[in-house]
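K.L.:
Letter by letter, the chains look like this.
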Amino acid sequence: MSDAPPVAARALVKRYGEIVAVDRVDLTVERGDVFGYLGPNGAGKTTSLRMLLGLIRPTEGSAQLFGRDPVVDGAKALDGVAGFVEGPRFYPYLSAHKNLRLLADYDGGDARAQIDEVLELVELRERQHDHVGAYSHGMRQRLGIAASLLRSPQLLLLDEPTTGLDPSGMRDMRDLVRRLSAEGITVLLSSHLLTEVEELCNRVAIIRRGRIVYEGRLEELLATAGGGYRLRTAELERARMLCSAQAGVDDVRVIEGELRFQADEDAVAALSIALGQARIGVTALVPQTASLEDLFLGLTSDDDEPARATREAIVA
Amino acid sequence: MTAVARVYRWEIAKLLAQKRTYLGLGAAVVVPIIFVVVLVIQSGNGPTDVPLGRYLRDTGLATPFVVLFFMSIWGLPLITALVAGDIVASESHNGTLKTILTRSRERGEIFAGKLLATFSYTVVLVFAMGLVGALAGTIAWGLHPLTSLSGTTVPVGHSIGLLAASLAVYVLPLAGIAAFGLMLSTITRNSAASVVGTLMWALLMQLIGVLPGTESFRAYLLGTQFEAWHGFLRTPADWAPVVRALWVCSLYIVIPLIAAYLVFLRRDVAGE
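Quick mapping for you: the protein sequence lines, in order, are chains A and B.
Quick note on our numbering: the first sequence kicks off at 7 and runs consecutively.
Quick note on our numbering: the second sequence kicks off at 936 and runs consecutively.
Excised from the complex, chain B in its bound form (with noise of 0.2 Å):
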């Protein structure tokens, strides 16, 4: 086993004996479930204001897209954020980062684990709640075939493939979310600042995206990205979308993880 991939299991280990990470999955797993169980619960259609809302009491497959439009404002960056912004600020106030760096491991293995560590996560969370919600849908209104946003009709087979991709193009600007929130938690040194910092940043991200004036460089903003998706649903597919949230996003993570990088690599580890 390489020396980063020890760092990255023991990563895991320790986001997997903490309540907060239960907190972020559960918050992710249980939303599409009480949503699912709220539209059950009232009558007529709708939302029909979202992206395939119209759609959603015709099949269970059109759940977790409508769960992904509204959990892209705020819900998937917070509970991102809990995680990402925490991993290395928990360690600096524990002191345990001293402990791992008097090890035999560089400062640059640890990072890369906690970077792995941190986008596995974010992977995980897009992936059960997508996961969730189909189930929750599937379970109240039945699988069908989806209604594209072109208004086709989409075979179940090819709609289930349809949402994997959606749910992978979706990582990607949840990944920009985790890069920064990690670059706080390397910088700040304060798990709350950095949670509430990464947050903050996200839904500035979003506001820039609706505010009049801006449909200039609207197309760039991370913001925008979570709806590449939506290129998966036209028929036929539109790839710009999803092309533009590659490069986009790519910048969004790379930016801030260089800094992260930098300043995990020269800083002095003292007391809190």
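Next comes chain A alone, as it looks inside the complex (with noise of 0.2 Å):
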């Protein structure tokens, strides 16, 4: 496998008539990531991970995976990647075994005989001859991972895999998402939940409207939001005056009963001696972290709601 990195997109476009799904995408997904692709639905993150795929065509620009572009290389460029978009999809009169015997005779090599293995990790082993007409939800999601997997992939494509799923079944798809990232494979999985790539992944790109408004280390961005400090007292008025002529406390405002600031800890440290001295008594005086949702919130609020509707039918 090349020095190249596993995902590398360059001014990704996709175009549907004068809908721009997907618009001048740059995305770098690193070895060892568990990247995390985030928009709200319709953003073209599906359109995204369809064109790395090699599924669609991208209109401008280039997908490469390993240095591999599908559109070029067709399906080696697919070598060491396995995933699924929009849930995994099987042939439901076919029993889940015969499903991944399909699919391990369309990889060749010795796929067929990682089978019973890959079922037993994603724990259907014993239903493995029931007709995956007759699965639920969360099995067809488990058995989209083992069918991924009999491609012993160094890259997964995983297309909101916990959709639809209860909340064990979240909470087992994440822990082998944690297990299969510590055996070395790189994933890029895309979400709307912020949970699930708070918990998960260390780097992440935001998705908005078809272009990424952020793309870096989480903790970077949860960082960006950092400084500001919430202070709670008995005398509102008094507090504000002297925090706005406090040295290196900044954009001072009353929010909802407390007072907001951008300050760093040393003016902090100030600030709660000058406001002993003044006798101002304080109940709290807390850092304010930004949680995800908001960053998330803000940097794809949306203020074109019958623009963002008409786009969200197209693109999914």
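The hints are simulated quantities; they were obtained by calculation from the structure and are not laboratory data.
One or more of the hints may lead you astray.
Said to hold, decoys possible - These stretches of chain A come out as covered by chain B in the derived footprint (C-beta under 8 Å, 3 or more residues):
#: 1; region: 53-60
#: 2; region: 94-102
#: 3; region: 192-200
What the hints assert, rightly or not - Some chain B residues flagged as far from chain A (calculated, every beta-carbon gap over 12 Å):
#: 4; residue: L951
#: 5; residue: I976
#: 6; residue: D993
#: 7; residue: L1032
#: 8; residue: G1043
#: 9; residue: S1055
#: 10; residue: L1070
#: 11; residue: T1073
#: 12; residue: T1088
#: 13; residue: V1089
Note that beta-carbon positions come from the ideal geometry of N, C-alpha and C, so glycine has one too.
Build the complex: two chains, separate frames, hints provided.
P.N.:
Written out as structure tokens, the structure reads:
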């Protein structure tokens, strides 16, 4: 396998008529990443993944997996790559075991010898001879992971793998992703579930209306909203005046009956002494941390709802 | 095993696991049985207005030829369309096309496997119908020499050879219908539309053939090629319709297949 990154999308564009589903997306997933691809429904996540897997052709730009482009290299570009978009799909009239045998035969190599092992891993061995048509949604998701693992992938592309699962199914799926990542598999995971991304991913890209609005380390994203503090006091107006006059304390605002301001730690320490000297009682002085949800909503909030609805209908 | 052979093997396995396959095959073998039973119950001659119809009760070997004639109008085209029109469209609809296109097989290999499976089904269909027709006819009227379209008597062994050759030639126009079905299946991604569209196209070919004023090109219509086997049943054998069926059907097979192949190679596979 080459030294090229597992995923490198450059200026990727997909247009459907006048609708731009994916708009000049740049995306780099490094080896070992559990990369979260976040965005509201219809933002272009699935369309991007389809282009990465060679299911649809980009209108412009290129998508490479380990340096190979599915449009140019065909199925060879998917060597070492596995995954699914919009949920795994199987032949409902064949058993799980037969579905995997079919896929193993398509893959060639020693994939067939791994069927029992992957079924065991996703805890479907006892139901392997049942028709997939009789499987629950969660079982199909797990079978999707099993089908992906048959390819002994270095890169897993998973499109909303926990969607539709019950809480315990979600937990199991996340445990599985964590375990696979620990084994050295790079994972690109699209999701609109922020807790999932926060729990699993080290890097994220956030897509809004087809465009990437953030790409980088998750902790750096969370840190961008750092530096704020909340102050609760019985004497709000006096405290506000003191804060406004205090060196190193900026952007002082009264919100919901408390003070919010920006300051570094030294300035906050000096402020607390000053408040004490001024005999202003403090009931709470806490750092204000933004959740991923706050950041996500800030980055993806949309004031053009009707246009978004049209776009969702086309992109979905 | 080559890549295409692997895909082909699984296409056959998929066909064997689906009810519609047995529905089609079942119809192909039940029709000659019903046909024989009805004629046994009825008295008299005939049907006298179809090739070999008047010799139907002389030997069981005439049965499959007469059934071929009746089934060419819409029966076999419909049964062929059931599979050909579905083989790509159903996978598109169920999303399994995405599953197999994200494995290690090229699109061309998958298309070739599906094409071979469709043609295999067509061949099995025709020969199963011919075999069951011959058996049912033989049970009803015995195994005797066949009277050719020229009125000569053909020994049993030779008649069986002629039946096999006729069935083989009969497969050609049916393969043309299968190719058209595969094309519609690939382009429309809609199983019902492909099956109905294929049947409509086959009926249109038949209809044009019987309209006045179409004599000049009637020999090159697909429907006409269903009669090419008549050449084998003349004494001496008339190869002209057989040779014409070979090249005319090749065009009816190759042109839709090229269109289907190009669409299959390049098409976007997204949600339906």
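K.L.:
All hints are to be evaluated individually against the structure, with a verdict given for each.
P.N.:
Hint check:
no.	hint	in the structure
1	53-60	holds (count 4)
2	94-102	holds (count 7)
3	192-200	violated (count 0)
4	L951	10 Å, violated
5	I976	38 Å, holds
6	D993	45 Å, holds
7	L1032	8 Å, violated
8	G1043	9 Å, violated
9	S1055	18 Å, holds
10	L1070	31 Å, holds
11	T1073	36 Å, holds
12	T1088	50 Å, holds
13	V1089	45 Å, holds
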